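Asks: Now for the letters of each chain:
2 protein chains.
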Amino acid sequence: MGNCIVAQSGGPTSVINATLAGVVKGNQLNPIYKTVYGGLNGIEGILEERFVDLTNMSEADNYILRQTPSSALGSCRYKLKRSNVADFEKLFAILEKYDIDTMFYIGGNDSMDTVYALSEYAAAHNITNRRFVGCPKTVDNDLMVTDHCPGYASAAKFIATTALQTWLDVNVYTRQEVFILETMGRDAGWLAASACLSGIVDLVVLPEIPFDKDVFLGEVRKCIAEKNKCYVVVSEGARYADGTYLAAGEAKNDGFGHAVLGGAANAVKDLILSSGAASRCKVQDLSTAQRCHASEQSLVDVEESFKLGMSGHMRSADPKFTGQMVGVRRKEGEVYDVEYFATAASNVANHVKNFPVEWALPNYRGVTKEAIAYMKPLIQGSPVVTYKDGVPAYVKPYYMR
Amino acid sequence: MGNCIVAQSGGPTSVINATLAGVVKGNQLNPIYKTVYGGLNGIEGILEERFVDLTNMSEADNYILRQTPSSALGSCRYKLKRSNVADFEKLFAILEKYDIDTMFYIGGNDSMDTVYALSEYAAAHNITNRRFVGCPKTVDNDLMVTDHCPGYASAAKFIATTALQTWLDVNVYTRQEVFILETMGRDAGWLAASACLSGIVDLVVLPEIPFDKDVFLGEVRKCIAEKNKCYVVVSEGARYADGTYLAAGEAKNDGFGHAVLGGAANAVKDLILSSGAASRCKVQDLSTAQRCHASEQSLVDVEESFKLGMSGHMRSADPKFTGQMVGVRRKEGEVYDVEYFATAASNVANHVKNFPVEWALPNYRGVTKEAIAYMKPLIQGSPVVTYKDGVPAYVKPYYMR
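Chains D and G, in that order, give the protein sequences. The working numbering numbers the first residue of the first sequence as 49 and each following residue consecutively. The working numbering numbers the first residue of the second sequence as 49 and each following residue consecutively.
If you are wondering where the hints come from, they were derived from the structure by calculation, not from laboratory data. Accuracy of the hints is not assured; some may be wrong.
Just so you know, same-sequence chains aren't split out, so a pair can sit in one copy or run between any two.
Unchecked claim - Heads up, simulated DSSO-like pairs for lysine-lysine below, C-alpha to C-alpha not over 30 Å straight-line:
(1) K330 x K261
(2) K355 x K436
(3) K368 x K145
(4) K379 x K401
(5) K444 x K277
(6) K127 x K275
(7) K444 x K275
(8) K401 x K417
(9) K127 x K355
(10) K129 x K436
(11) K417 x K444
(12) K355 x K401
(13) K444 x K401
(14) K401 x K275
(15) K330 x K379
(16) K127 x K145
(17) K379 x K424
(18) K277 x K436
(19) K330 x K275
(20) K270 x K355
(21) K261 x K368
All of these numbers come straight from a predicted model, not from anything done at the bench.
Extracted from the complex, chain D is given alone in its bound form (with noise of 0.2 Å):
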């Protein structure tokens, strides 16, 4: 019997730590490894041999665990380069010295190339007793194959509530007023969709559909005649056709190649307010919060995740069970019901699932039905939240022990 390591990577969800709490409970339940070791700060703290012994976590840490937000093992935005040879010689070197048979990485389509790179390097060298298991994250919901990605459902639950109640907020005054709320979301407009979940959105601008700017803001103007008021949601990746960026001014990068953005509802309020289709905006950019604010983490979203860690530490008892990732899979019928299932993390590593254009009605004016009763089903339940002192009780974080 040998050991495995779990580790998390990329930006943190409210539910990452489900799947890790799934991963530790699942060898509880079903020993496969001796020692279920938490890699800190992913691929990172690994190489540094940064580990924290989880085998045996109590059920009350395990439960206190899955209500809290964002990586406990800790994250790291470090990518593994297939041209640097001496990094995978290291990690390998370190995986024989400590028993490693089975690697869970936590994480999103950047964490799943990882698992397939790793997989790949030990297929090449004729290493046939390392395995390597991707968990899926991602609160974008843009990982391809699975149904829907642990994280999403919980920030769209945030996502949407905080619509509904800002749409309360904004409507108490009599006066004429946009309220533009921002949402992540850089290449997909999975989050930003989720705010119809709340059924008060007038208008909607996805990074899949290019921005048109005089018809969004005939449609403001539209919403201003007929009711002095419009609610706008808009996702920081939303571009012009000829893919500027809305929130250009504000881009940077975040060393994946990814622009880091910002600013989009600001650039949505210049625009309506230098053009005159309306007099006053307001603008919420959710920021940070949407991705971990655990409080009011979905159910289903909560119990998948850690069902998935479940899935993943139970698949790897097969000796064969290298470069794949475990997924989400919805069944056929009119109750919302999954299964999980296992696919080659080659097929998500650097793609991207976009929100389907289809499901977006013309001229930013929400989404379908078809896309509510996608979502709809994800946001369902809330988990009982153990407080301490006014706040919710979180575990310290490993890599601050």
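Once you've looked at the hints, dock chain G against the given chain D.
Replies: Leaving out everything else, chain G in the frame of chain D:
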């Protein structure tokens, strides 16, 4: 048996409707008035005779009303000016027309000035059959005399929770980073201070403490040197010793002569980056969400707000009870407990209760134990939230019916 009217004014809170629910329930339990009218959009709508009948609200609706954020009757920023005699004459004529004995006005210190002005007018004109009763609300917690203000605790709970969650988020990476959380609080630091309930705040910038750039940046450098991170909370009303707001570049006016602020956090970010105190800063402006995020209300806040409505209603049985605001008095003793009382609205109108400077630790290093002991009991408990389709169930605003 005459009638009463209840209306809401000023910026909404997440529990302003709990006070409304309390007035309605109070009259159901102890009928003083034949009809409980709701006046839409505060004084503005009352002058237009835009009323709804709330007398027989069901218990189910009353419960959902308590969890619904933002003024369900609508609000206004219309200021009743003492010089505008026509408004006063019109209002008293309307009260006579509808046989309204008592007007309950739920609002902040501008609203208390309205209560004061109306009772003064009545006294000056020997009108003895109209009573004006104020019920406090403001997320800013800056009303005099009352121990604290309905709405503050729920906003504080959300701010402290968000601070904790975003702190977990910013710490997952090993890179150097300052996180800056901006809260409301035009003149008073109560909301910014509430973030300290999370236990993770490094530096807090309150309006009451003149901002000294060099001292502040020195503390940022110390945090960075110690742990490569710094968690900063800044009030929108933060200002230099000469009174200039940090966010001065964006100052506007809301019609009451108050500056409308925004951008204090971005101003701090610019200072930090341009000084080289840290290489990376992230900003989260809680904006509108902090005052309407009702899905994590403080149970203490909801219950007190409801009971204040009942208290105001009950006290108004006394024909001489006018020009008064009901408030909360904290009892002596180890265990948090309160009683309700009334004070002249003139004691509250147009005053501001600041965060005590002696409760701020030197060099922006947070708040004292006394401050925590004051705030902590207020954010305790969580109401059971009723959901519908995955988002909280809210009443449809009366001004939209």
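Asks: Which constraints among the numbered hints does this structure fail? Numbers only, ascending.
Replies: Violated hints (numbers, rising): 10, 13, 14, 15, 20, 21; every other hint is consistent with the structure.
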